[in-house]
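A.B. asks: With the hints as constraints, model all of the structure from the sequences given.
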Amino acid sequence: MNGFLRRMKALIHKEFLQLSRDSSSLLLGIALPIALILIIGYGISLDIRNIPTAVVLEDASPKAQDVVSFVNGSAYFSPTYVTSFREAEAMLLNRDVRVIIDVPPDFTSKLATGEATLRVVLDGVEAATAMSTQGYIESAVSSWLLRQPGAGSGARIALESRMWYNDANSSTWFFLPGLIMIIVTIIGIMLTAIVMAREWERGTFESLFVTPVRPMELVLAKIVPYFCVALLGVFICLFLSRFLFEVPVVGSLAVLLGLTMIYLMVALGIGLVISTVTKSQFLACQSSMLVSFLPSVVLSGFVFDLRSTPVVVQIIGNVLPFSHYLTCLRSLFLSGTNAGLLLKQGGLLLLYGVFFIGAAFTMTRKKVE
Amino acid sequence: MNGFQLFLQQLAVICRKEILAIWKDKATRLIIVVPCVILGFLFGYAANYNLEDAPYALLDQSHSRESADLAAAIEATPFFHRHVTLQNASQIGRYLDDGEVVMAVSIPPDFASRLAKGETAPVQVITDGRNTMIAGQASSYTARIISRYNARRTGRRSPVTVQTRTWFNPNQTTRWFFLPGIIGLLSFAQVFLLSGLSVAREREEGTFEQILVAPVAPQVILIGKAVPPLIVGFIQCTILFLISRLWFQVPFAGSVVTFYVAIFFYVLSSTGLGLTLSSISKNMQQVLVYVIVTMIPMALLSGIITPVSNMPDFLQILTYADPLRFGLELIRRIYLEGLTLGQLAWNFVPLIVIAAVSLSTAGYMFRHNLS
Amino acid sequence: MEEYIIRAEQLNKVFPLKKGQTVEALKSLDLTVKQGGLTAIIGPDGAGKTTFMRLVAGLMRPTGGRLTVLGLDSVQGAGEIQTRISYMPQKFGLYEDLTVQENMDLYADLHGVPAQTRPARFDKLLTMMGLERFTGRLAGKLSGGMKQKLGLACTLVRSPELLLLDEPTVGVDPLSRRELWEILKEFVRDENLTVLVNTAYMNEAALCGQVYVLHKGALLAHGTPDDLRAIAAGRCYSCTPPPGEPTRILQAHLIDDTDHVVDAVPKGGDVHFILQEGVASAPYLDAHGIAARPVASDLEDGFMVLLHRAETEILPPVEEGDDVLDKGGRPTDKVSITVRDLVKKFGDFTAVAHTSFEVHEGEVFGLLGPNGAGKTTTFKMLCGLLPATSGFLSVAGVDLHVARTQARANVGYVAQKFSLYGNLTVRDNLEFFAGIYGLPPKRRRERIGQVVREFFLEDRLDMRAGDLPGGYKQRLSMACALMHEPKILFLDEPTSGIDPLTRRNFWRQITSLAAKGTTIIITTHFMEEAEYCDRFMIQDNGRMLAIGAPSEIRRQLGREGADMDDIFMAIVEQARAKGEGPA
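Residue numbers (the working numbering), protein chains in the order written: chain A, 1 to 369; chain B, 1001 to 1371; chain C, 2001 to 2583.
Calculated from the structure, these hints are not laboratory results. One thing to keep in mind: the hints can contain errors.
As the list claims (entries may be wrong) - Straight-line alpha carbon distances no greater than 27 angstroms define the calculated BS3-like cross-link-like pairs of lysine-lysine that follow:
#1 Lys279(A) with Lys1026(B)
#2 Lys344(A) with Lys9(A)
#3 Lys2345(C) with Lys9(A)
#4 Lys2091(C) with Lys366(A)
To be verified - According to the in silico footprint, chain B covers these stretches of chain C (three or more CB under 8 angstroms from chain B):
#5 2373-2386
#6 2429-2438
Unchecked claim - Sample of chain A residues lacking proximity to chain B, with all beta carbon distances greater than 10 angstroms (derived):
#7 Glu15
#8 Val141
#9 Pro212
For each residue, glycine too, the CB sits at the ideal point set by N, CA and C.
C.D. replies: So, in structure tokens, the structure goes:
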């Protein structure tokens, strides 16, 4: 046992020295989280603001002006008034505006008979923006209608919409937990895969093998430093998201850290397995990018909700470990410590961790064949 | 043999060598084609902001014909399916919290009686704000469903109809927006990494010196290094284009020639950035780190996840150095809007500038980053 | 307690190749190593030396037969064997981003060397290896030979029960090599260490108690060095070349005469050769009236006789015109390389200090020096891979570093380590280099055909270059560098790690090239190869210590007929003693 601790200490010391010599790895642990959190905090927002809007008032009556008055002073719209619909269309084509709201000449006259129309033309290239914009306009028009004399009477169903877990209705809250998942994934899988592959490629393992070192110790010694680098990244994320963007952590911080460590083991395990299979830096790079990084962004629920995808994609998304960790993170950040969910997902992650770390242990043999 | 012929010949052999070096390695060959196809399909399905058949929970405390009608109206749309019928309000938390449903619809006990009395009957929709995009959509779809349902029930049309047309994408399918983006994004990841590793790998293996000693102009080495990523980029773009066009049936409005011209400049500037990284890196590990550290911000700032116009000004300025931003916009607009080269000329300028600056930096660094 | 430390019985090792083919790396090998002392394994490339080492170290499983190490089965007991032995692979896996001290600490920790014995042990090792002043330097910044010494130091942080060394002195200069062997002998003497060493240097094998000769996985012979020497006894002669003629010309004539001569090498200004069995004299010498004196045989002679006996496919003599050797052969007066007052500094470290020399057309010029002497730096500046800090440099009339691309067309370059494209075939590599050197298509085909014949590559044209045996790799590198028939050929340690048979062939090619007028600049760690050079230069600490023809330098030192290793060591030690000690 004494020998085990001594060797572990030596190997881990070596890893930390190497880390300190090549500052580029610390870039991943420190600079990347900071850069990403700033970009996501300040730059990435699904919340539509100031949509350039062309308003065509072909009917200049007070009623007509009133129905589109919601665009003035709204955070959502940034209106430009134009005189003809054709002019507005040209602006839309040029991407000067993203939406046209047109009040036809007969608006007031038809309103009396209840047949008035409001024409809305959207730029559908950014479909998500178009969708949201349409929603804003529709709800603005219906609330205008409700304010009209005589409206609001009669049997009708009214919608009371409430959003839980995101008081600020801010997409930063949505993205930040995902960011932590991405950073842990990158450091855990990609960086570990390449540093381990480098040992195989440069033949440094051949010399190490003929020492009392056990394969398990080599694997463990690789895990520890990158575990620390990734945790450093997580701490930076937590700190910045708490103090810069005031994203709450509703759930228990301890549970969050515990789960992060479990997930880190999964990621490190995958990285080690990739490197042991490829034994080449070039292939380890390519394959970790393709099987881990890209799927962790797209198939995890980080950006796209898996619940709206075909079953096959949902299954694949659920077989990959990324979404399980992300679900836990989002819950802990925004909705609280939900024991049932965390136990289930955490248990699953633990299984993944045991599987991949176990695979890394069994695949790392002191053989050069 | 004159200088130009020599130039062409050297170019040809260097390109051939670079392509062979990739092609002869089975693992590399697989990595270029297979993941691209698989991820193309998977991402095509996953990359979607629209609600499709999303699970929701119904809490019907009214147990009336009216409430059943309303639920039927919600379920008749392709947006939602009922995942669970709840018995009491306390259950909402559990299903929403676990992420099993995207929203809960709660119909109060007095729903039917209020309607019968001609009063306004409120219906609560509770959405999961952890995913703001989905939450927003769920409530706006439900609002639309309910207002249509109201109109049908009362037989009275709203005095104002909002007549909406959506250009280039009549059904507001977000997949149409994402698929051209995926063409650019996936090929970028591969091209960037491949060109990033190219010189660093030869440096680590010692073959780069061998080429530097030969009578080869740096331009030739540069072009030789740029050709394989360009080809790989073209292959991947073509595969992804076909998946998007034929499998996901996203209509292609532009001309194929224009499309490939855009792809060329886009891949060229990506290659340039990759080669620059490669020429300043000491080894492949550094390349990987630099690639990740630059690629993720570039992807986030490209406007594929959220529109560039939503970003604050200083970040918008930063996006001018991001080939992804202009590349993706070019691809998307050619693909969906069918714009011509003339209409898009200004979008090419940043790409060409990025390519020119990065390629010349890389070419210079080949010889000057030796000791 | 088993009598033998290593005992291999009918040991087989088969490697699978592509498409179900296999290659037998070891064929029914019987080999034993006793407790204490040095045992050497020698043999050409592909003999199975490294495979055997890896089997002993438990890094591979034997396909058949039995192998016991320290009384343990090499498969079941691999873990324990690895704990008790030390192994230095051919390329020792130093961590280049750790310092000398940190590398040694790592291995000491892994082996559990107690803290109290460490300082003394480290001091001893570092002093012996001459690394004591470099403990804080990153391993990646050490020269090739120093890395090798550090590897050995890491291996020797404690006294193992068995020490395995796989070609420990490849790329190490004679001075360091001698020191290394002193260290080994000392450890054997003081600690009764058992050492098994693979080596390409026959004078190293001669220091061992037992020598095993492997060839293509089979045992050719074994015995004491004297037993092996005796194989060539009575057939070795020496003769002196006519005055003014480079030794290599006479050597080439002799070695070409395979009917009468087994082997010939330049040695001490003369040519040392072995006659075929039952042959009384070499006709070339008789015809030219050159007298041959019988001399004692050495280990290398015995080895060469054994190899020639076993090798069925000895490379045929070089193709060249009949009278190339006689017509050419002497360098001309035309200057092809001029170096004046060349200086290279890295920061405040002076790698090359005020060096001046000239090389003539058709000359074979050697660049010798201990590890870290500045040879590689000088070499890289000559090739245009590094800019000089100051001084004048002209190669074929231009400074390559600032020269326009086309000036480089006059230069061929063979790098220190194999640096062709490993995953391309031999043919692809040849076509690539023919192409970038700008040969027109028709000429390209001709030249490829020529070099393929000259360098005997026909049978492996479609093999991946990375999978070639060592000798083939070396010939392919030469073939590629010579594709465009450069006026000047730069060779950076081309024979490092190459067996004697392949080296003979290599030098025969060089003799032929020089005779045809190519200027050749070569660095080497085999000092005896300096005998092939017209002139050579010895550098140490970036300074030029000596320059001249082998005979001149011998005369200056007053040691005619002396061994090149001795000459080299004498010069370097003299210079260092003068207070110009290592900086």
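A.B. asks: If a hint holds in the structure, say so; if it does not, say that too.
C.D. replies: Here's how the hints hold up against the structure:
1. Of the supplied pair hints, the one linking Lys279(A) and Lys1026(B) holds, its CA atoms being roughly 15 angstroms apart against a limit of 27 angstroms.
2. Taking the CA atoms of Lys344(A) and Lys9(A), the gap is near 35 angstroms; set against the 27 angstroms cutoff, the hint is violated.
3. Restraint check: the Cα-Cα separation between Lys2345(C) and Lys9(A) comes to about 39 angstroms, which exceeds 27 angstroms; the hinted pair is violated.
4. Restraint check for Lys2091(C) and Lys366(A): satisfied, since their Cα atoms lie roughly 17 angstroms apart, inside the 27 angstroms limit.
5. Counting residues of the region 2373-2386 of chain C whose beta carbon lies closer than 8 angstroms to any beta carbon of chain B gives 4, which meets the minimum of three for the stated coverage.
6. Remark: the region 2429-2438 of chain C is confirmed as covered by chain B, as 8 of its residues place a Cβ nearer than 8 angstroms to a Cβ of that chain, reaching the required three.
7. No Cβ of chain B comes within 10 angstroms of the Cβ of Glu15(A); the nearest lies about 13 angstroms off, and the non-interface call holds.
8. The Cβ of Val141(A) does not lie farther than 10 angstroms from every Cβ of chain B; its closest approach is about 5 angstroms, which violates its non-interface assignment.
9. Every CB of chain B lies more than 10 angstroms from the CB of Pro212(A), the least distance being 28 angstroms, so the non-interface label holds.
Hint check: violations occur at hints 2, 3, 8; the rest are consistent with the structure.
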